[in-house]
Amino acid sequence: AIFPSFKVDKVTDSYLDWTPASTHRVIDNRITKLEDPKYIEYEALERSYRTVPYALGDLISKEDVDNADDPISLIADSARFLENAMRLAREARVLTAAFNPAIVPAVVTSGGFAWNLATGLPIRSIRAAITAIWAATQTVANAIVIPMIVAVEMLGCAEWLTYYAQTNLQDGKSLFKLNLGLQNLGLEVFISGTCGLETDQNTASDPNIFGPLIGRAVLVYTRVPKPTKRTRCFGFSPTFYGREVSKEFISRKRAWEIFSREHMDELMIDANCGLWITGV
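The opening position of the sequence shown corresponds to residue 57 in the working numbering, with each subsequent residue numbered one higher.
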């Protein structure tokens, strides 16, 4: 959701992108009848991407498949599980790239105004983030990523309930109303996922604490649903090929191999097109 994907024809490539100062400059392009066109100078940045393959697989013995009780379909269930695991893995990768305090602006919510308190000020914080992004980039922030627990807790803020009374939506104490309320601010709402393995780890790098991917933090950012290589936004994902699920029978193992794969990159394009609100 944070980094929308688009198709590219090469695994890796370099290209030129124009600077914001060049693209937003207004030029007097009037000429006389026989005058040559006015020649201009502009700045360009060299960008590049390198898509990376990702894949997860599962082996199911032919014996288990043949003897599964109806209506159980081990292959279909495996494909669904792999699809979910791939989706969550990508969400974690994107959030890791997006939550980079070294380059992405962030503001910290003061203790008395945390969003889990009645005195919290979520509307003021979100509107301030939208204003800050506009001032820095002249782009309109149109999306928000918020953890489920924060979304639930902010429904109890007096400021939120007052905002709902003013927008004639009556009781704002539901996630459905939360979505409507944030849409009234011009924001598409994405609830961040949960990760973690409760008892087991496939590798040492796997998380083993069950919890939200981004903790108590909210991201307001500029999102373009269908970007190109020259789109100015928070980030996007050049994709050599999208997620696909396949199956193959492995004779020597007498088992079905089910695998899901994708080939993409996650690129931060303009860090100032996003702003983290932490300590909420």
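Since the hints were derived computationally from the structure, they do not count as laboratory data. One thing to keep in mind: the hints can contain errors.
Stated by the list, open to error - Straight-line C-alpha distance at most 35 Å; calculated DSBU-like pairs for lysine-lysine:
no.	residue 1	residue 2
1	K285	K66
2	K118	K285
3	K285	K63
4	K309	K94
5	K66	K303
6	K303	K63
7	K282	K118
8	K233	K94
9	K285	K94
10	K66	K233
11	K233	K309
12	K303	K282
13	K309	K285
Hints, verified against the model:
1. K285 x K66: Roughly 13 Å separates the two Cα atoms, so the pair holds.
2. K118 x K285: 45 Å, violated
3. K285 x K63: Measuring from Cα to Cα gives roughly 10 Å; hence the hint holds.
4. K309 x K94: 70 Å, violated
5. K66 x K303: 26 Å, holds
6. K303 x K63: Within the cut-off at roughly 24 Å; holds.
7. K282 x K118: With a Cα-Cα distance of about 42 Å, the restraint between K282 and K118 is violated, given a limit of 35 Å.
8. K233 x K94: 53 Å, violated
9. K285 x K94: 27 Å, holds
10. K66 x K233: 43 Å, violated
11. K233 x K309: 52 Å, violated
12. K303 x K282: 30 Å, holds
13. K309 x K285: 44 Å, violated
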